[in-house]
Amino acid sequence: KQEVTQIPAALSVPEGENLVLNCSFTDSAIYNLQWFRQDPGKGLTSLLLIQSSQREQTSGRLNASLDKSSGRSTLYIAASQPGDSATYLCAVRDYKLSFGAGTTVTVRA
Amino acid sequence: NAGVTQTPKFQVLKTGQSMTLQCAQDMNHEYMSWYRQDPGMGLRLIHYSVGAGITDQGEVPNGYNVSRSTTEDFPLRLLSAAPSQTSVYFCASRPTGGQQPQHFGDGTRLSIL
Chain A
1 KQEVTQIPAA LSVPEGENLV LNCSFTDSAI YNLQWFRQDP GKGLTSLLLI
51 QSSQREQTSG RLNASLDKSS GRSTLYIAAS QPGDSATYLC AVRDYKLSFG
101 AGTTVTVRA
Chain Z
110 NAGVTQTPKF QVLKTGQSMT LQCAQDMNHE YMSWYRQDPG MGLRLIHYSV
160 GAGITDQGEV PNGYNVSRST TEDFPLRLLS AAPSQTSVYF CASRPTGGQQ
210 PQHFGDGTRL SIL
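So the sequence lines, in the order shown, correspond to chains A and Z.
The letter at position 54 of the first sequence is residue 54 when you use this note's numbering, and the numbering goes up by one with no holes.
The letter at position 6 of the second sequence is residue 115 when you use this note's numbering, and the numbering goes up by one with no holes.
Next up, chain A with everything else stripped away, as it sits in the complex (with noise of 0.2 Å):
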């Protein structure tokens, strides 16, 4: 069975600051992996989807690698800003998509 973890479950920083959230899992065997923005009390916004054939993703400010053999990847975020504040999820999929329990971020302007 595919687990996710996503390590801290929280973190709090200044603006201006680089985030670096991590996400690890169990089976290398997937075909992608997705990272989400989730708002208090809304749904989730896909920030990057990497395939697994591919080592990293870049979206503006926003930068996510992935090591299959390793089980892990990692979103970078530049600059942070307090608009930045949210939960981010990272899901693996196989067969189905498998979630981490996500990282909630706060950034202190």
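For lysine to aspartate or glutamate, the following DMTMM-like pairs were computed, each having C-alpha atoms within a straight-line distance of at most 20 Å:
| # | chain 1 | residue 1 | chain 2 | residue 2 |
| --- | --- | --- | --- | --- |
| 1 | A | 42 | A | 84 |
| 2 | A | 68 | A | 56 |
| 3 | Z | 118 | Z | 215 |
| 4 | A | 96 | Z | 168 |
| 5 | A | 1 | Z | 168 |
| 6 | A | 42 | Z | 215 |
| 7 | A | 68 | A | 27 |
| 8 | A | 96 | A | 3 |
| 9 | A | 68 | A | 3 |
| 10 | Z | 118 | Z | 147 |
| 11 | Z | 118 | A | 39 |
| 12 | A | 96 | Z | 165 |
| 13 | A | 42 | Z | 147 |
| 14 | Z | 118 | Z | 182 |
| 15 | A | 96 | A | 27 |
| 16 | A | 96 | Z | 147 |
| 17 | A | 1 | Z | 165 |
| 18 | A | 1 | A | 94 |
| 19 | A | 68 | A | 94 |
| 20 | Z | 118 | Z | 181 |
| 21 | A | 96 | Z | 139 |
| 22 | A | 1 | A | 27 |
| 23 | Z | 118 | Z | 135 |
Hints are computed from structural coordinates only; laboratory data are not their basis.
As the structure is a prediction and not an experimental result, all values here were calculated from the model.
Following the hints, position chain Z against chain A.
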């Protein structure tokens, strides 16, 4: 383009009542799924469907039924609501084949008293 639409957004039920959570997508996606999200836990898969007339169980299917009569709609039925089913429910869809991202609805917040 509405994407994935879930109704209702909020619902309160009494133990033992039944209800149907609605999910519709207008992207012609074959794959649809239902998840529940509980505090401190990741989203857990309840049921999924790879196309009209085909459904299968996920991790936590007990107490829920689904059907898929059309490509667009994938309703989730609670047969006899229990307090343990208090949760936020998300519906998602994506194309089959290839490696496409999942699209999620805004969720239904369900409380069972």
